[in-house]
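Make the full structure from the sequences, and use the hints.
Residues per chain, in single letters:
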Amino acid sequence: MAIKVVRRPTLTLWEKTYLPQILRGLRITSGHFFRNLFLHTAHVFGRFKDVPASVTIQYPEQQRGLMSRFRSRHRLMSREDDTPRCVGCMLCETICPAKCITIVPDEHPNPTVEKYPVSFDINLGMCVYCGYCVEVCPEDAIRMDTGILDVASYSRDGMKLDIHQLLDPGLRKPIATCNLDFPHKCGVSGGEMKGSWNGSEGRS
Amino acid sequence: MEDLLIKLALAGIVYFGVLNLAGLHTWVERKQSALIQDRIGANRASIFGFTFLGLFHSIADALKMFTKEDIVPTGANRVLHTLAPMFSVFFALAAFAAIPFGPALEVGERTIELQVAKIDVALLYVFAMLSVGVYGVILAGFASSNNYAILGGLRATAQMISYEIALGISVVGLLMVYETMDLGELVRAQGQTIAGGWIPFWGIVAQPVAFIIFVTAALAETKRTPFDLPEGESEIIGYFVEYSGMKFGMFFLTDFLETIMVAALATTLFFGGWQVPYLQPEGFHFPWGAELPVANWLYVLLGVMSFTFKVLAFCWLFMQVRWTLPRFRYDQLMKLGWKGLFPIAVINVVVTAVLLLLFGEGS
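Order-wise, the sequence lines are chains A and B.
Numbered as in our numbering, the first sequence ends at 311 without a single skipped number.
Numbered as in our numbering, the second sequence ends at 1791 without a single skipped number.
Derived from the structure by calculation, the hints contain no laboratory data.
As a list, the in silico PhoX-like pairs of lysine-lysine whose alpha-carbon atoms are at most 20 Å apart: (1) A:292 <-> A:222; (2) A:267 <-> A:206; (3) A:267 <-> A:292; (4) A:123 <-> B:1767; (5) A:280 <-> A:267; (6) B:1763 <-> A:123.
Please read these numbers as outputs of a predicted model, since none were measured by experiment.
As C-alpha cells, then:
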C-alpha cells in the first residue's frame, strides 16, 4: 500500500509575525487601488477608454446583453391584419404550472379559424418563467423574447398583463386608449367587448 | 482676552478640520473600498444633476441620521442611553486638543503655538482621553438593556483595555529617546538629523519596532476591521445594536474620529509631526550643503501642510488595512494582544534602555 506523506508547511519566525503576508495583501489591494484610480482619472481625460476601471455595470443606463434563448417577458404574436395569432386552444393555460394564464376564447368569424381570444391575461406575479407556454403553442402565438426584465409594480394588479400589453410590449400601464381592432374584453372599456373585424366577414 | 480669542480660533480651526475630515471619511471609505474591489462606489446622490463623485452621499447620510426616529428601548436607562454616544464623541474630540499641527507662528511680538492646549504631559492626556472613551462603549452596552449589546460592550472593553497596555508601553521607548512628554517638544526634537544630516531623526528611525506595535494596537483601539469584534454589525452584534438615528451616527462618527486621532498620533510620535525633511526654522539645510532660507510664515505653512499630508496618508493606510485584512477571532485577538504585542513592547523598552545606557549621550 502506497503511503502518501503529507508535508505540512512549517512557518518560520518571520512568517509567524504575519507581517510578510499582511504586506503582500496590502500590495494586492493597493495595486488594484492605484490601477483603478489611474484608470478613472485617465477616463476623465478621455484616455485608455478601452480598459475598464471597474467591473460594474451601471444598470438602468447600461444593460447587459441577453442570450438569445433567454426567457423574458411574454408577448403575443399577431397576424398581418394585427389580430392575434392565438387560436384560443387553451394549451398554454392548461400546461402552465403556475396557473398564471387566463384565456377567454370566442368563435372566430373566419370559418377556417376555430376560435380567437377575447381576453388573454398573464399574471406576472405568479409566472415562473418556465417557458412551457411557448413550447406548447401550436401556432407560435406566444413568445418570451421581449428582453424586458424590470417587471415591477406598486400593486398586485399592476403585475397583470392584458392583451394590449402582450400584443405591444412597449405599452406602459395604465393604458389610456385602446387601438386593437378586433372584439376583445378590455380594461379601457370597462370589461365590455370592443373593436370590430375589418373587411367583409362581420361577426354575427 | 487676546489669548482667549487666539485659543478659540485655534480650536475652531482644529475642530473644523477634524469634523470635516471625519465626515469625508464616509465618502473615502466607500470610494476607496470600491476602487480596491474594482467597483465604482456610491455615485447616485445628486443636487441639480451634479454628483461630484458621490460626495453628496455624506450629506445625505447626515440628513438621514438627523431625521430618523430615535428609539430608546423599553427598560433601557434613558439617561445613560443618551449619554453614552455623547461620551464617545466628546472624548474622541477632546484628545485632539493636545496635538500640535504646526510650528510656532510669529505674528508681530507674539509667538503662537499651533496647538490648542499646550500641556506638559500631553501624551498622557491623549492616552487618558482615548482610555476614557471606553466608557461610552460600555455604557452603551449596559444602558441598552439588551444582552447582545452588553456582550458587545464587554468584548469592546476587554479589547480596548488589553491593547491600551501595549499601546502605552510601545511609547515608553520613544519617551526615553526624546526625553519629553510634551508633544510639541517631542515634534521639535524630531527635527534633528542623523547620519551626517541625511536622515531626519524621526520616531520611526529611533523606534521602528515600537512603531509597528503602536500602529497595530492603535488600530485595535479604533475598533475597525481587522479588530472590529466589538461591532461586527451583521454577524456578532455589537454594543450599539439598540441605537438609531443620530445617536448611532455619533458612534459612527467616533469611529472615524478615532481613526483620524490615531493617524494624527502616529504622525506626531513616529513621523515627525509637522516636520518637513531638512527644513529647519531658518530654512532648508540639505545634506549636500545647499541652503535655502524660508520665511516664518512659509515655514509654518509648510509645517501645517506636512502634518496634514502625513495624517491623510495614515488615514489612507488604515483604510487600506481595513479593506485588506479579515477579522480576528476573539481568542486570536487576545493572544495577539497579550502574548504578542505586550511582550515585544516590553522587550523593546528594555533593549532601548540598554542601548541608551551604552551608547546614549548621558553615558
